[in-house]
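From first to last, the protein sequence lines are chains A and B. Using the working numbering, the first residue of the first sequence is number 47, and each one after it goes up by one. Using the working numbering, the first residue of the second sequence is number -19, and each one after it goes up by one.
If you're looking for bench data, these hints aren't it; they were derived computationally from the structure. Some clues are possibly wrong.
[As the list claims (entries may be wrong)] Calculated lysine-lysine pairs in the BS3-like style (CA-CA distance at most 25 Å, straight line):
| id | chain 1 | residue 1 | chain 2 | residue 2 |
| --- | --- | --- | --- | --- |
| 1 | A | Lys168 | B | Lys141 |
| 2 | A | Lys52 | B | Lys14 |
| 3 | B | Lys(-14) | A | Lys75 |
| 4 | B | Lys133 | A | Lys89 |
| 5 | A | Lys168 | A | Lys89 |
The model shown is predicted, which means the values in this text are computed figures rather than measured ones.
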Amino acid sequence: MGLILKQDLINVEQYHKMFEEGIITERDKTELINGNIIPMSPKGSRHNFFINRLNRLFGKILGDEILVCIQNSIQLDNLSEPEPDVVLCMGPEERYWDHNPSPEEVFLVVEVAHSSLAFDKKIKIPLYAQSGIPEVWIIDVEEKQLIVAKNPQNGRYQDLATYRGSDTFECKLGESTLPIYVEKILEKRI
Amino acid sequence: MEVLLKRHTLTVEQYHQMFDAGIITERDKVELIKGEIIDMSPIGNRHSHYVGQLTDIFYEIFGRGVVIRGQMPIQLDNLSEPEPDIALCLPPRRRYIDHSPTPTETLLVVEVSHTSLGFDQQIKLPLYAEAGIPELWILDVEGQKLYVSKQPKDGQYLSQKTYTTSDTLPVEIQGTLHQIPVSQILE
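The following block holds chain A by itself, in its conformation from the complex (with noise of 0.2 Å):
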């Protein structure tokens, strides 16, 4: 259309006021991106096979200090609150009952991108990057492959990577580093 429409921002504590007048609900799927209320594209089965397999493999892998949250939502600042496909955060559960997780108690974010993938790259990774989140994976349906950001700094990722096949590669989970072999995350069969 050409034309840039300036549409008013909404801050977290409005969003979460428009979920408790009942505005907007769960049911509407949505996330807060930018001060923009986004509606989450629909997750079809590929999607959700990504979801669960991250989530058993990590849920065999670490302990209780590091809990895994499938598609919860985390605040980045004022104006970003949005619902990652996979979260690795400090645990227990219990520190999260009167708020959600800060990019300081956030370790890994993973987001599925199957139509999403423009999106995912072109909004996501830079929102992550300023808010400080130390490490974020996109899994590239499609293609096959994880792209790989890590390492923020001035509201960027330094070191970029897209892995595919037989790949491994090193994540850091504060103190701990655990070793990912790329073809148990992305083949069908293993």
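Got chain A; can you put chain B on it based on the hints?
Frame of chain A; chain B shown alone:
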């Protein structure tokens, strides 16, 4: 930004609920356009002048024969409640005590464009046409022109005319024809 953000849309009812709950207030200066809450452009001195000038002209011609509403909402449909600069609506004023004027209660809408000409022509005009607003004036302050659109049909205005300061504008409201020199509007 090349990625098009698709925003969650709100109905007029949800939008009103946000006001009732104090989530947004009049001070936010917003309008609801196709389910999206849009910031209205700030109103500068020149903008205010032309709105005032036209309001004076309308009062002189119509008196209390029509309801002249300045920067107040009209409800177009379930997803749009814009606040045009001026709306001429069916009298009496009190009939709007419990609702915003609907398209069938609106006779003429005026948008004064200083910085917002693109928005008014590309977003507002089709929106008013779709809703069946019978007549729309867009006053181009910079270009010293008045764009008059009439006969809304299928989301378009079939009659679109441009007037300059040397023209006289025929205005027919509720069966009575008036002549307004455009120079008087843009004075």
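Structure-based check of each hint:
no., hint, in the structure
1, A:Lys168 to B:Lys141, "43 Å, violated"
2, A:Lys52 to B:Lys14, "13 Å, holds"
3, B:Lys(-14) to A:Lys75, "13 Å, holds"
4, B:Lys133 to A:Lys89, "39 Å, violated"
5, A:Lys168 to A:Lys89, "20 Å, holds"
This entry does not satisfy hints 1 and 4, going by the numbered hints stated previously.
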